[in-house]
Every structure is written in structure tokens, then in C-alpha cells.
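Chain by chain, the residues:
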Amino acid sequence: MPLVEVKRLVKHFPLRGGVFNRELGKVHALNGVSFRIERGEILGVVGESGCGKSTLGKAAIRLLEPTSGSIFYDGQEITRLAHARLMPFRRRMQIIFQDPYSSLNPRLTVRAMLRETIRFHGAAGRREVEKAIDELIGKVGLRPDAREKFPHEFSGGQRQRIGIARALAVRPEFIVADEPVSSLDVSIQAQILNLLMDLQEEYGLTMLFISHDLKIIEHFCDRMLVMYLGYAVEELPCENAGERALHPYTRALLGANPIDDPDDRRPLAVLQGDVPSPFDLPKGCPFAGRCPLVEERCRREMPPLEEKTGGQKVACWAVE
Amino acid sequence: MIRRIYHSLGVQKFIRNRLALAALAVILLYFAAAGVVLLGGITLEEATQRAGPDNVPGFLETAAPEKRLQFCRFYLEPVERALKKKDPAAALREIAFAERRAAEKPAAELARIVESAFEIVDELSESENLYDQPALLPRLAALEAKVDSLYAPLEGSEVFWRRLRLSLGTDRQGRSIAIRAVYSIKVAVQVGLVTALVSVFVGSLLGGAAAYFGGWMDHLVIWLYSTFSSIPSLVLLAVLVYMFTGSPFEGTLIPVYFALCMTSWIGPCRITRGEVLKLKELEYVQAAASIGFGRLYILLRHILPNTVHLMLINFSLLFISAIKAEVILSFLGLGVKNEPSWGVMINYSTQEVINEFFWQIGAATAFMFVLVLAFNVLSDALQDAFDPRTVLVSAKER
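These protein sequence lines are chains E and Z, in that order. Mapped onto the working numbering, the consecutive letters of the first sequence carry residue numbers 1 to 320. Mapped onto the working numbering, the consecutive letters of the second sequence carry residue numbers 1 to 398.
Mixed in with the good hints there might be a few duds.
To be verified - Below 30 Å or equal to it, Euclidean Cα-Cα: the simulated BS3-like pairs (lysine-lysine) are:
1) K67/Z x K146/Z
2) K280/Z x K149/E
3) K149/E x K278/Z
4) K7/E x K149/E
5) K7/E x K26/E
6) K7/E x K283/E
7) K26/E x K280/Z
8) K280/Z x K7/E
9) K149/E x K13/Z
10) K149/E x K131/E
11) K278/Z x K26/E
Honestly, the hints are just simulated from the structure, not real lab data.
Sequences and hints are given; from them, build the entire structure.
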């Protein structure tokens with residue numbers, strides 16, 4: 001049984017305006033995305049900005065209310081659970097945010113922040129809480145004197161470590177990492193990734209790892225989900241992803257990755273055109289307008305995400 | 001905790017601003033004065049009793065000879081009246097102009113002085129214009145000496161208090177302007193503090209709740225403040241104060257508090273609502289939601305504390321606007337009636353200004369001006385020091 005299973009998740013954001021705050025239209029952020037994550041697995045989600053990666057991550061742990069679709073956690077459906085009934089699940093899933101500056105309350109010290117989190121989820125005794133705080137600070141590689149400091153006294157990388165400590169404070173089994181290293185320097189990125197990897201191993205965490213950086217996804221994850229305009233277009237194992245990729249969009253993405261061999265030169269297949277607007281979705285496959293393999297059928301019908309070979313799923317009419 | 005606050009960026013930045021510190025010192029001085037009045041350092045009786053003749057000019061202006069003659073008459077007459085009473089000794093003991101009391105001399109001696117003094121008064125009164133007759137000035141000085149000897153000499157600190165009391169002159173009922181202006185600080189600070197505290201508290205809470213919970217709550221709050229702000233504020237103030245006519249609170253500060261609080265919560269409410277609309281989308285708020293904290297807890301612990309800088313700035317802005325509104329209301333006769341207040345003083349001074357006597361209106365406006373200026377400087381400095389954006393910038397610069 002997978003730990004997390006999401007079925008046909010849809011999220012629309014209403015766009016209001018004008019007189020009487022009418023609904024003028026909808027932003028189609030997610031258009032029926034499904035995936036499952038086994039216990040201990042890391043699923044990467046990749047796609048260009050605005051394709052709904054973050055919305056997917058937030059909706060998966062009920063930070064956003066999905067418009068339709070269902071979410072199963074450990075076999076139980078949590079899509080419509082009320083606040084109180086959701087509470088036991090809250091402590092089992094956590095999120096790490098992209099921006100280390102806006103993800104920490106500037107008025108709380110590290111200790112105050114961790115303490116309220118730990119106490120909220122059970123731990124009672126004062127000594128017990130203090131011990132847990134010290135342990136967490138050590139686990140994420142911060143110096144013990146970080147306890148009494150405010151967020152603005154830390155660098156971006158250190159702040160991200162605090163964000164990770166907060167997510168770990170409730171001892172979750174599932175973590176959504178929403179571009180956790182995108183706003184960090186490359187040298188710091190490696191540190192944070194290594195930290196996440198160590199923690200994943202130590203606690204046996206299951207993760208949904210969101211990033212727009214294919215290199216990081218390939219390195220860090222077991223499988224990846226490629227998204228385009230709110231659709232999942234391909235799901236494939238990360239190993240040898242470059243050769244496995246079937247969907248033309250995935251191939252274009254992977255092809256745009258720099259190759260670390262100066263002699264290996266290939267012509268770059270640059271995609272033409274732009275992503276369609278999420279306000280009014282095109283009929284059929286959203287990628288049809290830019291696709292080199294486009295067929296008549298693509299403009300009429302959206303292809304389903306179907307299993308092709310060895311656990312790889314592709315949503316494309318042109319791929320056999 | 002206190003050390004941490006002291007070393008926080010905002011406070012350090014505030015302390016480096018010398019002008020702000022000066023303003024803070026002035027404000028503390030005012031607050032101290034208000035505290036002294038509140039603790040009974042200056043009683044209401046002192047502020048309403050007669051301290052001397054009418055329209056005595058303050059320390060910068062020397063009285064014209066005509067006026068000096070008038071003052072001498074003023075001091076002579078009660079003694080003369082007392083001497084005619086059945087029990088002159090008792091009547092003399094009742095004469096008091098604040099510190100100044102009749103001399104403890106035998107009645108016969110006092111009668112003699114009064115008689116000789118009146119001779120000089122008559123003599124001087126005959127001449128038409130004392131300005132043009134410098135030869136008569138020594139006579140006037142002699143008269144003043146005689147009048148002085150009717151009263152007990154002031155001793156020790158009494159000299160100082162007397163001088164202080166008359167330093168800004170007296171109004172047309174002989175009450176000390178200095179005392180009244182200082183007493184008015186109490187009224188101003190009371191009105192400012194109560195209004196600013198209540199309005200900022202209520203406004204921030206309503207605005208924060210409206211923005212964070214949204215839905216009907218937001219609609220209700222927006223409707224409320226739009227309705228209130230669509231009525232001209234001075235009219236609304238007057239109406240709200242008029243509501244209390246006939247009630248036991250009429251003439252006290254309660255109607256003023258009520259009216260000002262009802263009109264001034266709008267500012268902080270709007271500003272806080274806007275800020276919370278922004279803050280609630282921030283990731284630390286989402287993080288708190290993902291931990292599972294209740295919505296009220298998130299609002300009170302994670303969102304509203306991050307609008308403290310707005311509350312501080314709003315507080316100091318509302319403090320002065322409340323004081324100004326109170327002065328206007330009292331000037332119109334809608335505010336305080338039983339106590340002195342700068343508005344009451346300015347209202348009184350309208351008659352004096354016609355007679356070229358500016359001490360009362362000058363004192364009231366100067367006291368108010370200094371306080372308002374200091375608070376404006378302070379709120380500017382607070383804005384500079386505690387706005388998280390500028391604080392963040394300087395944190396990165398380090």
C-alpha cells in the first residue's frame with residue numbers, strides 16, 4: 001500500500017473582480033494529477049515555473065483545499081476531513097518551503113518556534129521539550145547557541161536548516177520539500193541536499209521533492225513526475241532518465257540540461273512558442289502547440305497518463 | 001528579555017536618532033506632568049482659584065502704568081472692605097490670592113496705609129494719560145510699595161511658586177494661566193492615551209480578524225468602517241458627544257472618550273487589514289497551518305505580533321489626533337466643562353484677544369504645539385526604526 005496516493009487532483013483558483021466581485025474566470029492550476037508514493041520513496045516533481053508544482057505539493061497535504069479529486073494517506077482518505085479530524089494526520093506530514101526568508105516568523109526565536117511546535121504535538125515535560133529542541137538543532141547541523149537567536153541573525157542556508165528543523169519537530173513520516181534549495185547558493189545547495197538525504201535515511205522519510213532543477217531531481221529522487229500546465233505528462237524512474245524519457249516535453253527538458261562533457265556536442269532542440277495561459281486551457285493536449293510530434297488527434301483529446309514500459313507512465317498519443 | 005529588546009535592531013536604530021530621543025524626552029516630561037497632576041500635585045481647586053488681578057501679563061511683558069494702577073486698586077479694595085466689616089481681623093484672614101495673604105498687622109495701621117494709598121490713587125486717576133507723564137511714575141512706585149506692605153511678605157519657596165504661578169499671567173478671571181495650561185496636560189494625556197490604546201487595540205483586532213478569516217467577517221468590518229468614514233468626522237464626533245446630554249456623564253471626559261474611540265478605530269483597522277492580507281500569504285503562516293495550529297492561535301501569535309510596528313505608529317498618530325480633536329470639541333463647548341483644557345482656554349481667550357491680551361491663547365497653543373510636534377517626530381522615528389522592511393535591509397547590510 002502506498003503511503004500517499006493522490007487521484008485526479010484538481011485545483012482551480014477563482015479570479016474575482018469587477019462590480020460585486022464577480023468570478024471572472026479560473027486559473028487552472030491542477031487539472032487532474034494522480035501519483036502514488038511508496039513508504040521511504042522520494043518522488044521528484046519537475047516542471048517550469050507556473051506549471052502547478054507548488055500547488056500540487058500544498059494540496060497534497062491539505063494546505064490548499066483541492067477543487068476535486070481525492071487524497072489518500074496511509075490508506076485513509078483525507079480529502080474532506082475537518083480540522084479536528086485532520087489533526088492526527090497533520091503531525092505525520094510536513095512541508096519545507098522555498099524562501100528561507102519568508103518561511104520563518106521574524107518575531108520568534110528558534111527555541112520559541114520549535115517549542116510551540118513540539119508542545120503542540122504532545123511532548124509535555126519542560127525538560128523533555130528542551131532536550132528535543134537541542135537534539136533537533138544538532139540534527140540539522142546548527143550550533144547550540146542558535147537556540148536564542150532570531151531568524152534575521154542567520155544566513156539563508158542556516159535559515160533553511162531551521163525550516164527543516166521545524167518540519168522535523170513533529171516527527172513526520174512524509175515531507176513535501178517545495179523547492180528547498182532553489183533560492184540558495186550552489187555550495188549551500190549541496191549542504192542542504194546532503195542534510196536532507198541523511199535525514200531521509202535516518203528517519204526513513206517519504207518525500208515529495210519539488211524542483212525545477214533536473215540535475216537535482218535526478219540525483220536526489222527515485223522517480224520523477226514531469227508537469228506541464230497543471231497536467232502530469234510523464235512519470236519515470238530517475239535512473240538514466242535521459243535515455244528513458246518518452247514524452248517530447250520531457251525530452252526537451254532533459255535535452256536543455258547542460259552536458260558535462262565538452263566533446264559531446266548535440267544540436268539543441270529548442271522549444272518554440274510559449275506555455276498556453278492557465279486561464280483558458282486549450283482543448284486537447286496542452287503541449288500540442290509546441291510539440292514536434294503533434295498529430296491531428298492531440299488537438300482534440302487530452303491523452304491519458306498510461307503505463308508504457310517498466311513502471312513508466314506517459315501521456316502522449318504519439319508514444320507507443 | 002529587556003536586554004534583548006534593547007539590542008534589537010529597531011531599538012538600536014531608534015536610539016541613534018537624536019531628534020527622536022529629544023522628542024521622547026519632551027513627551028516623557030509631559031507624561032510626568034500629567035502624572036503629577038493626576039496624583040494631586042495640582043488640584044482642580046488650584047487651577048480654578050483666583051491668583052491675582054485679571055489679565056496680568058506674563059513674564060515677557062511689563063505692565064503699562066495704567067494697568068499697574070488698576071492692579072493696585074485690585075489689591076487695595078478687599079482690604080478696605082474687610083476693614084469696614086464688624087470683625088476686621090477675621091475678614092482679613094479670609095483674603096487670599098493663592099500664596100498671597102493679608103499682612104498680620106493691627107487693623108488701625110492697615111487702615112492708615114489704605115487711606116494714604118487711596119490718596120495717591122485719586123491723585124493718579126485725575127491725570128488723563130499716565131504714559132505721557134513720567135514724572136508721576138515715582139508716585140506709582142510709592143503706591144505699589146504701600147500696597148505691598150498691606151500683604152504678608154512671601155517666604156522661602158512661596159516666592160518661587162508665586163513667580164511661577166504668574167509667569168504666564170492670569171486670565172480675565174484672575175486664574176493662573178501657567179497652572180491651567182499644565183493642568184490641561186492631564187486632560188490631554190488622558191484623552192490621548194485612552195483613545196489611542198482602545199482604538200489601536202480594537203482596530204487591529206478587527207482588521208486582523210477581517211483579513212485573516214475573510215468571508216462575512218471581512219464584509220461586516222469593511223461595511224462598518226466604510227459607514228463610519230462616510231460621515232464627516234467632526235459632525236460624527238459632535239453627534240456622539242451630544243448623545244450624552246442629560247446623562248450623568250455630561251461634561252466629563254466619558255463622552256469625549258466614547259466619541260473619539262468610535263471614530264478613530266478606523267485608521268488602524270484599515271492599515272492592519274491590509275498588512276494582514278499580505279502576511280497571511282507568507283510561508284511561515286502556512287507552515288504554522290501545516291503544523292496544525294488553530295486559526296485564532298495563528299492570528300494572535302504569528303500574524304498580529306508582526307504588525308506591532310504599525311500599532312506603535314498608529315498609536316502615536318492617534319494620540320495626537322485625539323488631543324487635537326479634544327481641543328476642538330472643548331473649544332466648541334462639547335468637551336470638558338468642569339476642568340481646564342487647552343480647548344476651554346482657547347475658548348475663553350476669544351474675549352481677551354480683542355483686548356490685545358494674548359497670553360492665554362499663546363500658552364494653550366504653545367503647550368499643545370510642543371506636544372504634537374514631539375509626537376510627530378516620534379512617530380516618524382518609530383516608522384523608520386521598526387518597519388520590518390528597513391530593519392531587514394539593515395540586517396542584511398551587516
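Can you name, in rising order, the numbers of the hints this structure does not satisfy? 4
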